[in-house]
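Taken in order, these protein sequences are the chains called A and B.
Per the numbering used here, residue 1 is the first one in the first sequence, and the count goes up by one each step.
Per the numbering used here, residue 1 is the first one in the second sequence, and the count goes up by one each step.
Hint data in this document are derived by calculation from the structure and do not stem from the laboratory.
A few of these clues could be false.
Derived coverage of chain A by chain B (criterion: at least 3 residues anywhere in the stretch with Cβ under 8 Å from a Cβ of chain B; other residues may be distant) [claimed, not checked]: (1) 490 to 496; (2) 659 to 671.
Partial list, derived from the structure: chain B residues whose beta carbon lies under 7 Å from chain A [stated by the list, open to error]: (3) K31; (4) N32; (5) I35; (6) I36; (7) Q55; (8) T81; (9) A113; (10) G157; (11) L161; (12) T225; (13) A235; (14) T238; (15) G390; (16) V394; (17) Q405.
Cβ-to-Cβ under 8 Å is the rule here; a few derived chain B residues that face chain A [said to hold, decoys possible]: (18) V30; (19) L50; (20) Y230; (21) L231; (22) G383; (23) P389; (24) G395; (25) D408.
The C-beta atom is built at its ideal place from N, Cα and C for all residues, glycine as well.
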Amino acid sequence: MLRALRTYLPSLAAALLAAVILVPEAALAQTGSLAGSVTDATSGAPINGATVLIGGTALVGVTNDRGEYSIANIRPGLLLVSVQRIGFKARGDSVRVAAGERVTKNFTLSATVSTLSEVVVTGVTGNTQRRAQAAVVASLPVAELARQAPIQNVGEILQSRLPGVSVNASSGSAGSSKSIRIRGASSISLSNQPLIFIDGIRVSEAQNSPGVGGQLTDRLNDINPDDIESIEVVKGPAAATLYGADASAGVIQIITKKGKLGSNSFQQTVRIDVSTIDQNWTPPSNFGNCSAALVAATSTNPLCRGQAVGTLIEDNPLERINAFRTGSERNFGWTGRGGGSNYGYFLSATSDKTLGTLPNNSFERTGFRSNVDFVPDARIKVALGLNVLQSETALPDNDNNIYGWLGGALLGSPTTRNDSGNPSQDGFFGFARQFEAINSIQNSVQSRRTQANVTATYQPTDWFTNRFTVGADLSRDELTRFFPRNTPQQYVGNLNTGDNTQDRIGFDRFTIDYLGSMRTALGSEDQWGVNLSGGLQSIITRTDVTSATGFGFTTNAANSVNNASTRSGGQSFSEQKALGYLGELQLSSRDRRFIQLGGRIDQNSSFGVRAGEDIPPYFFLPKIGASWVISEERFFDPLASLFTSMRFRAAWGSTGRSPNPGASLTTFSAAPFAITGTAQSGAIPNNPGNDSLKAERGTEFEAGVDLATWNDRISMEVTYFNKNTKDLLLARPLPPSLGFLGNPFANIGEVSNSGIELTLTANLLRTSNLDWELRIGGNTLKNELISLGDSASGTKVNPFGTLNRFTEGFQLGSFVTKTIRNINEATGVVTVADTLEVFDNILPTLEWNVTNTVTVFKNFRVSALLDAKAGFSVYNNTDFFRETQLVRSANRLDTTILSRRERLRRYGNPTPGQPAFVQENGRPTTVNEVREAYIQKGDFIRLREVSLTYSLPRSLAGRLGPLSGGTFTIAGQNLALWTDYEGPDPEVTSAAGAQFAREEFLTQPNPRRIVFKTNFIF
Amino acid sequence: MTNIQRAVRVSAVGALIGVSLGACADFLTVKNPNIINASAIDPVNDAPTLAASAQQNYAVAFGWFAMYQSWFVGEALVAETFPTRNEFGRREVLNTNGSHNGDLWGPISVALASNAAVLDLELPDPTTNISYARAATFKGYSFLTMAESFCVGVSRGGPALNTAQMLDSAVASFQQAISVGTANATAGGVQLANIAKVGLARTQLQAGRNAQAIAAAQSVPAGFTFSMTYLDDPAQRTRLGNRMWQFTLDRGSITVAPAFRIDGDPRIRFKTPAQHNLAPQDPSSGPFFIQDKYPAFNTGMRLASKLEADYIEAEATSTAAQLALIAARRAANNQPVYGGSTAPAAVLTELMEQKGRDFYLEGKRMGDFRRNPAAVLNVPVPGSTYFKPGFSQVGNQTCWPLTLQETDNNPNIPNG
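For reference, chain A alone in the conformation it holds in the complex (with noise of 0.2 Å):
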């Protein structure tokens, strides 16, 4: 059937082609236009950005801060006309337009807590209002959020505001890159980043690193907030399908702002933010024992001269040095937005400068952004869209490395202080590795983007709509990592001579996308609604690599690689083409009952070719849901005063995972060898490969309800959901001593993610002069290895891991250890399990947030934003490596602090000749193997974001100039952090990059932020 299905394509291509061609050339000359205002039922204040369509058409008109709208160039006839906003309830009502006639029609909209009559546009065809939506397409309103939370990038926005949607900062540092977990974790091998889209092109999703700890940064820090208008995150494979064979993990949808069509206006805005960034955080101070050497009247340590042999001395290098700054933000940015009777435009320009708490370390981002919409006849929309920005991240060398600012400095012996003014540790842990050295380390990611997209909307019917999309995100990273030449031998060997390595990465996607969609509605009063679409899409990434590294210069201004006395360089280049169509019928009964069932099937050129094919297999994803707005049926009436409005939805599909490129194939190593003495290429098995290869398949099912109360001012949205992904892309771990260097990828085992979700608004006081909202929103997450392959098909994988381990019947990456089983006191024994035990989780099982915002005379708002994670583990690395390995902390050395119970705890068994911990088979073992101590409970209570805004009332606008309106926010963020970690902050990892760890180790925390932004609009 599938490959009828390729035999038949061109067919099918050459039938949508014929559509297209085919259309009738209307007789233009003869149309009118629509004009009129929307405003609020309530209050009668015009309605700013509403939306005005005029069904079977592409015309569509939004209104200004006036309300008005105007639409042009329609044809002659009744016209069924809606109006959206989100907030309010949406409006339709039919229009009859004679030729060269302008008919004026005004609406007004009721607000509504409700979400039915939202439009989503992501992981949808058909009709696009969320009540008809089987599966849940969270929506983001951020061009409301950005003009008053403190957040500076996609992460910040996402943060703490959707449920099930997770994120995870990898640091504190200015720039550096969060993870995006949805609805859990599911793939163990492969990245559980979701896709990021922007305006249906897919973009890059790469998180780079000049090579500094664990510290990454994020191509989604590129995007400037005040160019989204929303965001939509499709959570999961029920509602994913359409987005193919690699969507399993989620897809986010940035939609980008667009002009206003009809509007006849133009509104600039201009965004001035300042800020001060405060580390809010007391390094722990290191302690040491003097020695008798160092007690003595010649002794160059400061702390220990003159004082008793053993007395405990401390030391805080980085209270000392006063290496925290005040970091600051600097934020400008400038939008224009408007539109004519059939085009419309939106320009943004921003410039964004952060200075982050460490000395080093920055992030600046210049952009612009332009999106036209043009709407040249009834028939055809046209949006182009281009944005060029470039940015730069300066990253400070720490995090996962023992001579950055804090591994120097909280890894540092305060009995190496030393006041002789020769070269030394002085404290730190480096030789004549503080301030200087530190901060004299260069580590940026320098990124240039083009992305660029177009998108026609051709509707040569009233029935028949294609779209057609292509887009491409084209970037360039400079990544450079330079220690700079230096005589006290700061570094370590070549280093001191100077050394600078650079990357160049490449990095070219395109997006080619066509939908077409036929509707009609059947029976008396168009009682049946059929929704027929089809289409394709093809997303191509190409990554290109070049790296060089010399060492050895003159100088240090004069670093260029070309000036190293020796150098060495690399390249690289991968390709991945993928391939899908899909289809989608959409059943309807009275706009209240909707059945959905769907398609698609992908290809991919990652996917094994078994021996004898040439091409890969196909990879065949279907869905099904229905959605059934139940309030509406008249066998509700009853119920109608307790609930405005009420949907059950529920929804099955599927989609996958695809394999990295050349994932299947058996590959050789390049491995040099020098036998001779001159080097030589060289070869060594790689990979064993498997031709079987293809993408993990998940699969989901969800349910919920959605409902509105209290007079249509309480909503709530529960969704149960239970993802399963079969055929797990696992890096199968094989004994070493087979000889390969990297483990094949085998479809193995199974992982399943379910949880709750929760969604409440709840408009508690709706006054002329008070208006207060409490959104609260929460998950539950259920995550288990379910398998690890199948003993009788000989797939079987043994757990694997030694710190985060996968074992079936719990979480992805567990904590294990070997777990204490006593602890003698009196004999100093401490018995252990044998073998390493599941302890603790990484995923949070429970998130859950609350904000409260309250409004006062309309103009004052406040806002505060609480959240939470709890039900999980992180390792503190930091305290282990200062109380076991190197012993630098008080609760090793000030043996007054912990009970002895928790000393043979954390460092096991004192006694000479007796081992630090016993297994119960009474083999010894190290705290190495026993960390229990350690993986601590990261479970926190967090106050994320306050804010205080006052929106400048028109009337008072209007004496300023040209001013027509203009909010003042002060707001601040991770203001207070309620937790029983014992670290600085539960919520960042050293392991950025990683798929499953959850470790602090030497990792700077959250900042605290204080934002004063102003938004002045003309």
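Using the hints provided, position chain B relative to the given structure of chain A.
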């Protein structure tokens, strides 16, 4: 307006056709020059390259083993922070140790498997083919290194091998190498045969078969020496460079142990902290006495020599032979005449002392220690306090366990 409509239509239709037709042709064919597809390798024509690569694999492993063994048997101190590497200094290596798997078990497994894979090829002139001689030589050394270091070994995903089985496998490989290398008769073939003869002697001695060890040792020609060749290639230092120098210069990991800071013996070359400007990674490891035997990335590391064969022969022959060699080695290296006890145990201890100096940091001391635990001195003492604070005391291991990655994933090793 009409032109715009046409342009949009033409663009849309053109792209649609392009995508559709592309799908029907070779659209999914991609370039991936990162990958060496196995189908591009010709087993026969590329055999010399594969064999040379496999020899280099052993050179990589040899460097790692020499370094880790130096910590384990007290030639050097661990001057770095990695807890995994300090486990070697403390003679308490856990099977979960990542360095143990990544730096030792992995590389020796790759060396063994890649050399064995060359021997699996059906090559022309099998009795004289130098690729066979090369692969057999370094397969033998791979088994021997594994046997000297690991309590239990594994070959290519097979069942667990005890020490005797590993040594027997090494013997078989060395015998094949000697046979083919000798028959090859080229300079390269003969050299490989001589390397294998030293390996065979060492293996037989380790297995306790002294007569065979003596025979093999005597077959090594006088003056023979062979060092693994290393290069200073900045882009390939982990594969082609001298590991001892890499971990001295780049990581500050290796401090010469106090017992080997011997002035006046040219065999142990080191620098005091005043003679260099490098710093140890972990300053708590004390004054940084760096080894100077391998002062560059391209310094070779001796693998086999007639001198080693002489030590093997002496140890296997008699106390008198040992005394004779001791005298010769002392005289050759400006050391006073041995005046200690001539009791066999004392002489053996002195022989091990001289051998320890002659082959300092050459990865031979661990085998000596396992064979003669009482005669090899200055190995970290079980139960003693580790030289750095905070760590557990020294353990009592004499060999290393199989790694968890092997026991977890090898179906032929039930229950680990």
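Hints versus structure:
1. Counting residues of the stretch 490 to 496 of chain A whose C-beta lies closer than 8 Å to any C-beta of chain B gives 3; at least three are required, and the coverage claim holds.
2. For the stretch 659 to 671 of chain A, the assignment as covered by chain B holds, since 9 residues bring a beta-carbon within under 8 Å of that chain's beta-carbons and 3 suffice.
3. Interface restraint check: K31 (chain B) against chain A, minimum CB-CB distance 5 Å, threshold 7 Å, status holds.
4. Taken as an interface hint, N32 (chain B) checks out: its beta carbon lies about 5 Å from the nearest beta carbon of chain A, inside 7 Å.
5. With a cut of 7 Å, the hint placing I35 (chain B) at the interface with chain A holds, because the nearest CB-to-CB distance is about 4 Å.
6. At its closest, the beta carbon of I36 (chain B) sits 4 Å from a beta carbon of chain A; the interface hint therefore holds under the 7 Å criterion.
7. Annotation: Q55 (chain B) was flagged as interfacial toward chain A, and the flag holds, the nearest CB pair being 5 Å apart, inside 7 Å.
8. Interface restraint check for T81 (chain B): the shortest CB-CB distance to chain A comes to about 6 Å, inside 7 Å, so the restraint holds.
9. Because the smallest distance between the Cβ of A113 (chain B) and any Cβ of chain A comes to about 2 Å, under 7 Å, the interface hint for this residue holds.
10. Contact between G157 (chain B) and chain A, as hinted, is supported at the beta carbon level, the nearest pair being about 5 Å apart and thus within 7 Å.
11. A hinted interface residue such as L161 (chain B) counts as satisfied when its beta carbon comes closer than 7 Å to some beta carbon of chain A; here the least separation is about 10 Å, so the hint is violated.
12. Evaluation of the T225 (chain B) hint against chain A yields a violated restraint, the C-beta minimum of about 15 Å exceeding 7 Å.
13. Of the supplied interface hints, the one on A235 (chain B) holds, with its beta-carbon coming within about 3 Å of a beta-carbon of chain A, less than 7 Å.
14. Here the hint on T238 (chain B) is broken, as its CB sits about 11 Å from the closest CB of chain A, past 7 Å.
15. Checking G390 (chain B) against chain A by beta carbon gives a least distance of about 4 Å; that is within 7 Å, so the hint holds.
16. Here the hint on V394 (chain B) is broken, as its CB sits about 11 Å from the closest CB of chain A, past 7 Å.
17. For the restraint placing Q405 (chain B) at the interface with chain A, the shortest Cβ-Cβ distance is roughly 6 Å, inside the 7 Å limit, so the hint holds.
18. Annotation: V30 (chain B) was flagged as interfacial toward chain A, and the flag holds, the nearest CB pair being 4 Å apart, inside 8 Å.
19. Checking L50 (chain B) against chain A: minimum C-beta separation of about 7 Å stays under 8 Å; hint holds.
20. Against a cut-off of 8 Å between C-beta atoms, the interface hint on Y230 (chain B) holds, since the closest Cβ of chain A lies about 7 Å away.
21. Checking L231 (chain B) against chain A by beta carbon gives a least distance of about 4 Å; that is within 8 Å, so the hint holds.
22. A least Cβ separation of about 5 Å between G383 (chain B) and chain A falls short of the 8 Å threshold, and the interface hint therefore holds.
23. Interface hint at P389 (chain B): satisfied, since its Cβ lies 5 Å from the closest Cβ of chain A, which is below the 8 Å cut-off.
24. For G395 (chain B), the suggested interface contact is upheld, since its CB lies about 7 Å from the closest CB of chain A, less than 8 Å.
25. Among the interface hints, the one on D408 (chain B) holds; its C-beta lies about 5 Å from the nearest C-beta in chain A, closer than the 8 Å criterion.
Hint violations for this structure: numbers 11, 12, 14 and 16, all remaining hints satisfied.
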